[in-house]
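Asks: Sequence:
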Amino acid sequence: MVSDVVSLPEEPLDSPPQPASSPAVTPPVGEAPGAAEPVMVGFPPSPAHRWRRGSWQTAPENRWSFRHLREVVPTAKVRRGSGAGVPLPAGPALDLRLPVPTAEGERPLRDVLHDTVTDGFLVLHEGRLVAEWYAEGYGRHDTHVLMSVSKSVVGSLVGILVERGAVDVEAPVDRYVPELADAGYGGARVRDVLDMRSGIAFSEAYTDPDAEVRRIEEVIGWAPRTDEALPTSMYDYLATLRAKRGHGDAFEYRSCETDLLGWVCERATGTRLPTLLSDLLWSRLGTEDDMDAAVDPAGAVFADGGLACSLRDLARFGRMILDYGQAGGEQVVPGSWIEDTLAGAEDSRTVFADSGHGEWLPGGAYRNQFWVPEASSRTLMCMGIHGQLVWIDRVHRLVVVKQSSWPRAQDLTRLTATFAAVRAVTEHLTTATERVTSG
111 MVSDVVSLPE
121 EPLDSPPQPA
131 SSPAVTPPVG
141 EAPGAAEPVM
151 VGFPPSPAHR
161 WRRGSWQTAP
171 ENRWSFRHLR
181 EVVPTAKVRR
191 GSGAGVPLPA
201 GPALDLRLPV
211 PTAEGERPLR
221 DVLHDTVTDG
231 FLVLHEGRLV
241 AEWYAEGYGR
251 HDTHVLMSVS
261 KSVVGSLVGI
271 LVERGAVDVE
281 APVDRYVPEL
291 ADAGYGGARV
301 RDVLDMRSGI
311 AFSEAYTDPD
321 AEVRRIEEVI
331 GWAPRTDEAL
341 PTSMYDYLAT
351 LRAKRGHGDA
361 FEYRSCETDL
371 LGWVCERATG
381 TRLPTLLSDL
391 LWSRLGTEDD
401 MDAAVDPAGA
411 VFADGGLACS
421 LRDLARFGRM
431 ILDYGQAGGE
441 QVVPGSWIED
451 TLAGAEDSRT
461 VFADSGHGEW
471 LPGGAYRNQF
481 WVPEASSRTL
491 MCMGIHGQLV
501 WIDRVHRLVV
511 VKQSSWPRAQ
521 DLTRLTATFA
531 AVRAVTEHLT
541 TATERVTSG
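The numbering of the sequence shown is the working numbering, which starts it at 111 and goes up by one.
For the record, the hints were derived by calculation from the structure and aren't laboratory data. Source: prediction; values computed, not measured. Hints may be right or wrong, so weigh each one.
Ranges of calculated distance between the beta carbons of each label pair, as one might list FRET restraints [what the hints assert, rightly or not]:
id : residue 1 : residue 2 : range
1  : V505      : R163      : 40 to 50 Å
2  : G356      : G237      : 43 to 53 Å
3  : A213      : P288      : 48 to 58 Å
4  : R207      : D464      : 35 to 45 Å
5  : A339      : A542      : 52 to 62 Å
6  : V505      : P197      : 20 to 30 Å
7  : K187      : Q441      : 22 to 32 Å
Just so it is clear, CB atoms sit at the ideal spot from N, CA and C, and this is done for glycine as well.
Generate the whole structure from the sequences, applying the supplied hints.
Replies: In structure tokens:
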């Protein structure tokens, strides 16, 4: 079951998506298809219907665990600061019956949200809140795991540190982390890591239990250990990675790059990442709630996918990016950093196309830990597995936020439907604005 919030208050996927092997089906919140009992309901829940370390990221457990990250893995607090949250002023409510063209024909937006296993959906247009929708059991002040949307948050922090002179994007990462000088990352520039163009060997194949992206989850405690020889610290694991080609050449999406950026930020400032994120970013956005940051046994933040926050606060982050880095009348992220992200390097789109990602995101690019989805637009995208999305469209002054619990990490059917919903919302709001302006 889900609930719609239409009375507004005053105030990639990680790698090329894979086709779905079955139709999109949305079970009730926390319930497995065919299960006799809901997941994590009862005092205590029955053993057969509790979340498990080996499967908490997949259905049915993830409909509960994604909203309860701090009950599943160790987390540090990224404090929101003091004072009241900055209001999100209400605009004309978006009708969730809005038709969305899909492969099955036109469907109401509300049904698309169901089909794409949405937990929270929010739209800001011209700075005003026009849609806010929550699945049952997910509330306004609850946090939801961001998965790889976390990368864009960390990339924004790097931009702040670059502006302050603490980090030099042209410097080798081993200037900040000397123990990497003789490792695979030796000689890689911060810029190479920001744009995922290091030469490091790291597989992002989520369905392969031996891929490095799954091994690092064992290292940090997100999955049961299958190899006791693995390090028990994420940073120690990064030092074991080897290079397979020269740094700075090809684009290849790898989560380990963001984890290294977190390490660079800590070493460059002498400050732990939760404090950096709070002091330089989260507390300056007018947020209402603290953010969670998953940590490994050594206290290192899982920077590539371990942040969790409320739906509204994620929208505030998107609005700050939309407003060229400004929030509450102050410059949070340098506007020049956002412009650089939109523009990219001269060859950003070429190497992106050569990587194979151009097949599902034609004309796209990747820069500063953001996806740049279209060559002719002024749009940035933050995206994570299992259906996490922040869509930031500067031309149409639009921010769309979607938090989800897809059963599989990647699902082309649900991704396509999500993009169709974003396009339909954009066209509707743009047309309505033009109608009001011309009238």
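Asks: Now look at each hint and say whether the structure bears it out.
Replies: Comparing the hints with the structure gives:
1. V505 <-> R163: 40 to 50 Å: 44 Å, holds
2. G356 <-> G237: 43 to 53 Å: Given a distance of about 44 Å, which is inside 43 to 53 Å, the answer is holds.
3. A213 <-> P288: 48 to 58 Å: The hinted range 48 to 58 Å holds for A213 and P288, with Cβ atoms some 52 Å apart.
4. R207 <-> D464: 35 to 45 Å: Hint holds: Cβ distance 42 Å, inside 35 to 45 Å.
5. A339 <-> A542: 52 to 62 Å: With a Cβ separation near 59 Å, A339 and A542 satisfy 52 to 62 Å, so the hint holds.
6. V505 <-> P197: 20 to 30 Å: Holds: the Cβ-Cβ distance is about 25 Å, inside 20 to 30 Å.
7. K187 <-> Q441: 22 to 32 Å: 25 Å, holds
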